[in-house]
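With the hints as constraints, model all of the structure from the sequences given.
Protein chains: 4
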Amino acid sequence: MALVCFPFKKERVPTVLRNVDIAVRHNCVDAVLLVGATKNECYRKIYAAIEAKNNSDQPYAKPVHILVQTRLATVLRPGKGDGMNTAMQFFLNAHEQPANHFTEPLKRLHFYDADIESFDHNWITKAEDGAALGYDVVRHYFPRSSTDAQVTWQVTKVGFALLWPRTTLPWVQQPLGGELCFTRRVVEALMAEPRVMQQSDWGIDTMYTFFCAQKGFSLLESYVPQGKMHALYGGLRDLKNMLCECFAAVQSLRHEPVSEEPTVHRIDPATPVPSCITEKIGYDIEKSMRLLREKWTARQKGLLELFPEKAKCGLLRASEWPEFMFMDEQCWVSAYKVLLDHFNVFDEDWRELIFKMWVARVLNYTMRHVTRGYHCALQANTEMVTRLHMRRTMELFEGKPMQPLDRKVSSGHLCTPESPPSPSSSWGIEPLQPLSPVTSYGRSER
Amino acid sequence: MALVCFPFKKERVPTVLRNVDIAVRHNCVDAVLLVGATKNECYRKIYAAIEAKNNSDQPYAKPVHILVQTRLATVLRPGKGDGMNTAMQFFLNAHEQPANHFTEPLKRLHFYDADIESFDHNWITKAEDGAALGYDVVRHYFPRSSTDAQVTWQVTKVGFALLWPRTTLPWVQQPLGGELCFTRRVVEALMAEPRVMQQSDWGIDTMYTFFCAQKGFSLLESYVPQGKMHALYGGLRDLKNMLCECFAAVQSLRHEPVSEEPTVHRIDPATPVPSCITEKIGYDIEKSMRLLREKWTARQKGLLELFPEKAKCGLLRASEWPEFMFMDEQCWVSAYKVLLDHFNVFDEDWRELIFKMWVARVLNYTMRHVTRGYHCALQANTEMVTRLHMRRTMELFEGKPMQPLDRKVSSGHLCTPESPPSPSSSWGIEPLQPLSPVTSYGRSER
Amino acid sequence: MALVCFPFKKERVPTVLRNVDIAVRHNCVDAVLLVGATKNECYRKIYAAIEAKNNSDQPYAKPVHILVQTRLATVLRPGKGDGMNTAMQFFLNAHEQPANHFTEPLKRLHFYDADIESFDHNWITKAEDGAALGYDVVRHYFPRSSTDAQVTWQVTKVGFALLWPRTTLPWVQQPLGGELCFTRRVVEALMAEPRVMQQSDWGIDTMYTFFCAQKGFSLLESYVPQGKMHALYGGLRDLKNMLCECFAAVQSLRHEPVSEEPTVHRIDPATPVPSCITEKIGYDIEKSMRLLREKWTARQKGLLELFPEKAKCGLLRASEWPEFMFMDEQCWVSAYKVLLDHFNVFDEDWRELIFKMWVARVLNYTMRHVTRGYHCALQANTEMVTRLHMRRTMELFEGKPMQPLDRKVSSGHLCTPESPPSPSSSWGIEPLQPLSPVTSYGRSER
Amino acid sequence: MALVCFPFKKERVPTVLRNVDIAVRHNCVDAVLLVGATKNECYRKIYAAIEAKNNSDQPYAKPVHILVQTRLATVLRPGKGDGMNTAMQFFLNAHEQPANHFTEPLKRLHFYDADIESFDHNWITKAEDGAALGYDVVRHYFPRSSTDAQVTWQVTKVGFALLWPRTTLPWVQQPLGGELCFTRRVVEALMAEPRVMQQSDWGIDTMYTFFCAQKGFSLLESYVPQGKMHALYGGLRDLKNMLCECFAAVQSLRHEPVSEEPTVHRIDPATPVPSCITEKIGYDIEKSMRLLREKWTARQKGLLELFPEKAKCGLLRASEWPEFMFMDEQCWVSAYKVLLDHFNVFDEDWRELIFKMWVARVLNYTMRHVTRGYHCALQANTEMVTRLHMRRTMELFEGKPMQPLDRKVSSGHLCTPESPPSPSSSWGIEPLQPLSPVTSYGRSER
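Chains A, L, S and E are the protein sequences, given in the same order.
Everything in the first sequence is counted per this note's numbering, starting at 1022 for the first residue and increasing by one.
Everything in the second sequence is counted per this note's numbering, starting at 1022 for the first residue and increasing by one.
Everything in the third sequence is counted per this note's numbering, starting at 1022 for the first residue and increasing by one.
Everything in the fourth sequence is counted per this note's numbering, starting at 1022 for the first residue and increasing by one.
Check the hints yourself; a few may be wrong.
Identical chains blur together in the list; that is why a pair holds if it fits in one copy or across any two.
As the list claims (entries may be wrong) - Cut-off 20 Å, straight-line C-alpha distance, at most; resulting in silico cross-link-like pairs (EDC-like, lysine to aspartate or glutamate):
(1) K1030 <-> E1404
(2) K1316 <-> D1370
(3) K1074 <-> E1341
(4) K1236 <-> E1281
(5) K1308 <-> E1341
(6) K1333 <-> E1307
These are computed hints drawn from the structure, not numbers from a lab.
All values reported here derive from a predicted model rather than from experimental measurement.
As structure tokens, then:
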């Protein structure tokens, strides 16, 4: 009893219809749901196509529903969050509507972006297989261009590593991925969580990932070797909203505790990355550099005073002639901490400031690592997060007995904080600036 | 308070001394222990070299102990197991010997093979870092030649996937690895386990891996990118003892339950494999083919009657002219199940029979997968284990409610066994022969 | 005024028709010619399809001719050579047949195998571009599976390196390739050569390559990155005819001189090989090993007496239990020299003997090099030929003044034979057995 | 009778001495020559070290000479050219100096940069092997970082392709390489060429390559798989002199004819590039971008009027905020042609202008191609040169009968210029702007 949902907004209609068709024909799928952002032209075209198909002599073999998303949240921008949450509501209650002809509650809810050109029946099969093995959540992950995924790496993964270093969160491969499968009890738990229902914007994926971890659901990350081919963004500017909303979602959770009790989290091994992905370049570098000098206001320059010298001066210089090498890992992390305390997602100056900082960070990463090749770049991302979560773990427990990471917490077998990793650590921990007191955020204060 | 132990038997002495030196100079290490298999020439040379060093004007800066291993077990062949267990005994009690000058109990015990030519201080640092992060066990893993590790893949990983498919065991990267670090409470727990102390042979690594999982210790697998360079075996014949003893260790555990409660198991991401490893070929193919016709006895041919037709006839034909393509994944798994029930490690005919079957299996794998390149070969290994643990999970719970894989076992949210993965599964599950009733082995009987 | 010819025998008809279509639609092509081996079913189907197309309301926009090949040779097996030579005859005379409506002599003749699934307009464009740049001959070359092309490497390239080491012949990438373009004057020169016209079998490609070099035609080798996908042979047995006929072609030329005057030979740089090619395995190893014990006769064993001990004894042992490691580079080269003197393509015992030796050589190469990865295997092939042509060059001029390799032969600047490459040569020259006197074959005797 | 010469200026002394030692111990080498740029500290240290060695009880086994370079040219900056030419003079006359104890004229002259850290005896052996095979010139080539070699690709190779497209010059792998071996008759021919002797600066390598081709010497390019590790330049600024002098050398030759008669040019096949080279990034991008706004003068802006709109406006805009995407292949080639006519190596404004254009070109290449991976970048370089030499060949003969590229020029078999490559050419010829009349430079005017 699986329902496959495709949220959509403005997509290539033939791709959407092709994907609906693949889902309908899969023998594990009982129904398909399309949730549109608004009743726009794309919506009308898809609606008409489905109608036509169902009135033809070869109608869909299974129900294909189409809805406009409900406004479920009250404060944040209505966006993908309202869409996915609308689908969850539909999923939970579908069997109570006689018109739907479902004889029992639906068991599994799949989400896939509607515009995936490389979508095929394997996405559904792998998710169903994982659910059949008993996993509460199956998330797809896949190879990505080395310049893609920079909201994931610089914002979500860095945030998870800083705030919940001893949990499974920093180990989730693609925490912002929108291709996943929830079992019914997961949907129930998420819908019971007001902060999920209120997250109507791009922050929704962060919320799903976070609360699944907090509630201890078991997770399988399943590998899709061909990757996710879909419409590309034009330049980094298109990502500003996503960046701000994803950061704000992490920020809103920063005082949330996550238990360190173990959860099941398994990762299907990856395979070599096809050259069409390693050779793709995700954004226009020259155009993106220009963002560093655009839309400055006096107030933005004032807000910069909250930041460490290096970030502040670097960004000011970059407004005159592009610089980005100042925004190294350490500079970004120190700025990130200030942002956690002060960022305001409703304030355009803050939005513009975090955006410029992130642009500098992405340029730094591109020039320093991407130019050295795909594997170097991916390794740089991975090592940044590993270093952070290690360093952060050490800090959190400095001077205090650290708890072993297992289910039977024993006493008396403390790891001594007095033997930190040697300076020439094999993990390559870069010297970080002295950190601000950990009491301002993070879980140690509780 | 870390102790680094190098078990040894007959090694290149300069390599051993070099490794001792690296350990002594590491600032996390308090003492080094060498455990020799017997008082052979190698032992005497190392002993003399340490004496000489300590009597020189530049003695070791820390204690370097050297012992001959104690006979701790009673039944199995005295081997590496006695050596490592001797080291564990020393570790636990060292602070009680005033001569040792340890002011408090030692906290961490590292093991490294004495003959690793690529050993450096990073191995120790990574293990200490992991322990400092709170992991009970840190295991090193590393890239290996595609023709190496065939006892691991065909014997240990296949066995773990068949017997404990829903646990963390099939996901352990290198379950036979001898480079690891235990915290004191792990050593205590292992020494309290009689079956560990009785495993005096090559089966010891299996025991350590198994009981750490059974007891729920948290595990970090730490990646060593340069790999483990060490003395090579001459041909597959050298591996017969190891094969038999590793299989027997799995077999002896086959009725042991392992809880499906989650444990912490994290895997440091791997990096691209250096070409010196991808281009290495691990054994002499022509010479190994000859093993298929050697040492046959009438009784071996009689024992073959216990096996399915395909394995039986294939092996008989191979005694006349080499064949190995019959020994595909399915044939090997079906033979493996017979071996689990009938193999006798003390019976030379059984030892020779499992050895020939394994040689055929390794040749099959080499000709079918290794010839297609390093990544194909590694992927074939990984997928074999993934398929097995998935198929086995499905079987174990056929017709019964399957438990979700999380810490709070809920009721009423069962995954329906009536929707198995579609035949054209994206996981590529090969059709397996009908399985013998699961009551004969495995954990479902309890 | 280009004619594209597809020789064919028994092919997948839709593939052939698709390729005809591509050729017809190319704006550099004036006509297409299909030459069938016999009037078999494949021929009739293609004939009918072309008729039908031409009688439809969308006929081919250009003439598409279909012929059965003429028997042009008298002694050798009628085969691909008759087919290609038939096409050359057609090409030369086509403008004299009023029915053909060619207003002037055709200028360029392209050949492509009819069964290439990866054929597209680029093959034609690249050849036409090369011809437009002034090259007499354009040959396509492409990446191939590491187990493919073993007639090319072990027979043709080894022969060229041994017999004409100082010419361009050992540097031709794919001397047996059937995808090429000749300008009219090349066709005229080849047709004037009786040995070309008599080479009615698989040896035709060798003849074309050889006489183009001997006559000093300029050559461009053009790279086709996607490779040549086509029907695969089942096992090495299928290649026996090709092997014998390609060897016999080289053998028949062994007393032919080739001038060392420079010719133009340029090689379009290759690009990284796609994984679908690096991961392909070309033949069935287990099945091929069986060839070593099949079809032995007493006379074959007698003929083995002509060969060096190592080859003779190795092959005899291999008839009882497969061996192949004896057939290393040096053993193969020494056997090759005996074959050059004694092989008789009309004698079945000789055919079977060269075949078994070659099977052993291919197995040796597969086990020693292919198992180490695609790049190792290709490099082993390349280095074998480089070593041979170097060593052979040295031998040919031992004790005699060597001529500089340029167009103005100067005197008095001799390279001293007394300073051979040092034993630990960077070219990795393996020690070769003392060679038989060079007077028996090769060009030095003239 | 080989002489190995190391030109040097200011190098790491131990590296130089190590390389001298390797050369002395090679059994093909008779003497070593060090040519210093000036009597600086480096010179004095090396001099002293050699003296000391020769006065020790283990003196060099062969003569090691050290000289300060002679001022041989009169106009151009004294530099590497004077150094190498000094070595050639020494080589030619060495046997006439009784003090040198050479009983006969030296036969081969090797050059190696003195600072190569990856130098070993194989460099010498490969060159000697090639010379023993009869090649007049052996040039070493090797894998290089994708951001290295941008004077070679953008200046020398582009120039060779534009000016002498039908000769061997555009096919020389590393025309600026300083690791090579000349036979005596080559040295004689080069020294007889006044333009070589006058090229005292960085242009010397261009001269050697050009005149060897013009005189028809046979060439082997020998591959050194480990690459050339040596001291790195700090940023692109360091390369300004080299850029200007290499361009001026090409420019000075632009009216020189090169015969299209074939010459022997063979290229030892390359092997996969080690990751230490693919992962190296050759220059500081952020620092290099700053060069675009530095050192502008009013006169430079005036000179820009000579250039096409796109280059002119792009460079002016880049002086205010960095741009480089305008400097694509076509823009660079059109600017190159203006530079060929107008550049003045003695005029600082011209030097600064060509430098800025080249910086923009290198940034364009880096952002567009290097970010997509090593192989993409190398392929982009190769294809740029291939496209140019093809397009240029077509242009040169437009409307005129084109000569076949072989040694027996035949008549009557013309390639028709009226069938140009199709627009969607498989060689990917980018549409080039209409070219300025070819009469202004290049060989067609003669």
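Each hint tested on the structure:
1. For a Cα distance limit of 20 Å, the shortest separation of K1030 from E1404 qualifies neither inside one copy, at 36 Å, nor across copies, at 37 Å.
2. Taking the closest pair of Cα atoms, K1316 and D1370 come within 20 Å of each other only inside a single copy of the chain (9 Å); across copies the shortest separation is 36 Å, beyond that limit.
3. Proximity of K1074 and E1341 under a CA criterion of 20 Å is satisfied in neither setting, with 57 Å inside one chain copy and 57 Å between copies.
4. In this assembly of identical chains, the alpha carbons of K1236 and E1281 lie at most 20 Å apart whether taken from the same copy (11 Å) or from different copies (18 Å).
5. In the homo-oligomer, the alpha carbons of K1308 and E1341 lie at most 20 Å apart both inside one protomer (15 Å) and across protomers (15 Å), since each shortest distance falls under that limit.
6. When the C-alpha separation of K1333 and E1307 is checked against a cutoff of 20 Å, the pair qualifies only between copies, where the shortest distance is 18 Å, while the shortest distance within a copy is 22 Å.
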